[in-house]
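A.B. asks: Chain by chain, the residues run as shown.
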Amino acid sequence: MITSTTTPSLNAMFRLQWEKAQNCFVLLFPEGMVKLNGSAGEIMQLIDGEKTVQQITETLQNKFPEGGDLSNDVNEFITTAIEKKWLYNDH
Amino acid sequence: MTIKQTKKLANKQENTQKEATPTTTVGPPLWLLAELTYDCPLHCPYCSNPTELGDTEKELTTQEWCQVFTQAREMGAVQLGFSGGEPLLRKDLEVLVKHARELGFYTNLITSGIGLTEKRIAKLKVAGLDHIQISFQGADPEVNDAIAGRGNAYQQKFNMAKSVKAQGYPMVLNFVISKQNIAQIPEIMRLSCELEADYVELATAQYYGWAYTNRDHLLPSKEQLVESERLVNEFRDQQQGKGPHFIFVTPDYFETRPKACMNGWGTTFLTVTPDGSALPCHSAKMLPLTFPNVKDKSVSDIWQQDFSFDYFRGDDWMPQPCKGCDEKEKDFGGCRCQAYMMTGDMHKTDPVCSKSEDHHLIQQAIESATNPSKAIEKRINHTANKHGKDSSLNITRVKV
Numbered sequence: 001m002i003t004s005t006t007t008p009s010l011n012a013m014f015r016l017q018w019e020k021a022q023n024c025f026v027l028l029f030p031e032g033m034v035k036l037n038g039s040a041g042e043i044m045q046l047i048d049g050e051k052t053v054q055q056i057t058e059t060l061q062n063k064f065p066e067g068g069d070l071s072n073d074v075n076e077f078i079t080t081a082i083e084k085k086w087l088y089n090d091h
Numbered sequence: 001m002t003i004k005q006t007k008k009l010a011n012k013q014e015n016t017q018k019e020a021t022p023t024t025t026v027g028p029p030l031w032l033l034a035e036l037t038y039d040c041p042l043h044c045p046y047c048s049n050p051t052e053l054g055d056t057e058k059e060l061t062t063q064e065w066c067q068v069f070t071q072a073r074e075m076g077a078v079q080l081g082f083s084g085g086e087p088l089l090r091k092d093l094e095v096l097v098k099h100a101r102e103l104g105f106y107t108n109l110i111t112s113g114i115g116l117t118e119k120r121i122a123k124l125k126v127a128g129l130d131h132i133q134i135s136f137q138g139a140d141p142e143v144n145d146a147i148a149g150r151g152n153a154y155q156q157k158f159n160m161a162k163s164v165k166a167q168g169y170p171m172v173l174n175f176v177i178s179k180q181n182i183a184q185i186p187e188i189m190r191l192s193c194e195l196e197a198d199y200v201e202l203a204t205a206q207y208y209g210w211a212y213t214n215r216d217h218l219l220p221s222k223e224q225l226v227e228s229e230r231l232v233n234e235f236r237d238q239q240q241g242k243g244p245h246f247i248f249v250t251p252d253y254f255e256t257r258p259k260a261c262m263n264g265w266g267t268t269f270l271t272v273t274p275d276g277s278a279l280p281c282h283s284a285k286m287l288p289l290t291f292p293n294v295k296d297k298s299v300s301d302i303w304q305q306d307f308s309f310d311y312f313r314g315d316d317w318m319p320q321p322c323k324g325c326d327e328k329e330k331d332f333g334g335c336r337c338q339a340y341m342m343t344g345d346m347h348k349t350d351p352v353c354s355k356s357e358d359h360h361l362i363q364q365a366i367e368s369a370t371n372p373s374k375a376i377e378k379r380i381n382h383t384a385n386k387h388g389k390d391s392s393l394n395i396t397r398v399k400v
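Chains D and F, in that order, give the protein sequences.
So the first sequence is numbered by this note's numbering: it starts at 1 and just counts up by one.
So the second sequence is numbered by this note's numbering: it starts at 1 and just counts up by one.
Bear in mind the hints are in silico, worked out from the structure with no lab data behind them.
Check each hint, because a few of them may be wrong.
As the list claims (entries may be wrong) - When the alpha-carbon atoms are kept at most 25 angstroms apart in a straight line, the in silico DSS-like pairs for lysine-lysine are as follows:
1) F:K165 with D:K84
2) D:K85 with F:K162
3) F:K91 with F:K119
4) F:K91 with F:K125
5) F:K162 with F:K242
6) D:K85 with D:K35
7) F:K58 with F:K222
8) F:K91 with F:K295
9) F:K297 with D:K20
10) D:K20 with F:K222
11) F:K378 with F:K330
12) F:K242 with D:K84
13) D:K85 with F:K125
14) F:K179 with F:K125
15) F:K378 with F:K179
16) D:K85 with D:K51
17) F:K119 with F:K179
18) F:K295 with F:K58
19) D:K85 with F:K165
20) F:K91 with D:K35
21) D:K35 with D:K84
22) F:K58 with F:K165
23) F:K165 with F:K91
24) F:K242 with D:K85
25) F:K125 with F:K165
26) F:K179 with F:K330
27) F:K98 with F:K165
If we strip away everything but chain D, and leave its shape as in the complex, we get (with noise of 0.2 angstroms):
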């Protein structure tokens, strides 16, 4: 269960990286890839450890402004990668 307070972190089992030749930001773990989709993508970039989950919305709908709310794409996909243990949820 998460709230707007969580601050997820990225599992240190996995890497986030660019792919040019998958023209997408993937998951990469040992011998493995996620391939992310462009929303997933954008909601990773800001996992840091530090920012909480209604920062990461908010700086979200900042630069999507035309996205409307947004809150629950967001916890609904923090919710699956925490459950994929791609992130920690740490409050």
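Guided by the hints, dock chain F onto chain D, whose structure is given.
C.D. replies: Just chain F now, kept in the frame of chain D:
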């Protein structure tokens, strides 16, 4: 090393986006396996290295390897496995890791742990190594060292696994499971927890190279496999999401459909052998095809234009029953090396498939393994250049 490593990227790939990717040309070789040397301090009977190693004195130089990495990365390769043999025997490993990491590769060291020291683990970390995979042959010194053919191997592996985790690496443990150690599955899982592995591969041996020669001594029975899988599932249920992630790989001999070998020939995987041969999988050298060498051609020319890499792409090459099979997109007709080893014809359907006219050969192999008729053959290692300086090249061996 083991063969399943090269299959894994495709299995582990998850695509969170559904957009179509262009289908016009061949995609990049996402996975590059660099077999730095065939030399190895161990003599495991399940080794998938070729039984004929060829000329082991003509290993690629540091510069030649760096050039291969640069060329492959430019094409979009992203995972790089340093393998062998034992890659730690190359003293330039740190230089190679550094170059690869700077290019943006995710760098994997696939090692027996023999020759590793705390200091070298630290040096590799500085060079940018991302992950270390250590192989174990058993859950205790007796079983491990008997299979590995080397005393004190277990203790060395144990100590190094501790150090790898202490130094903050992601760590995968690889246990090649065979008749010789399958009874230790519960102990292996407990050991993996003690060593705090992140992933643990319980990979039943696949029968290539030395493992094909020794198949009767390795291939477990169906009953042993069923029981092992049950034990692994039971253990997973008790983990409650904590501890290592266990991956149980069953041998294809007990399947009715073949594995999607290499995720399809020439689609994803590129192996470069110690002497620079470029192969679509690391067993392919056995096939009656002429494979190119990175000393003569660029990685891009090899991948996109070489006859051998194109030979089994798509389905034009397929005979029946593959050609008319609605599962051909799923398994690509299985493994070309397995077809060749068992039937003598590399074009035939993988005998693992129950639709194959050669499927009885698999049944015979399972039967034959219940009563081995010849002694086990331990792989022979060329030790001439193992220590000291290579006579012709500037490659210095690390003494292990």
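A.B. asks: For which of the previously enumerated hints does the structure constitute a violation, in increasing order of number?
C.D. replies: 7, 10, 11, 14, 17, 20, 22 and 26
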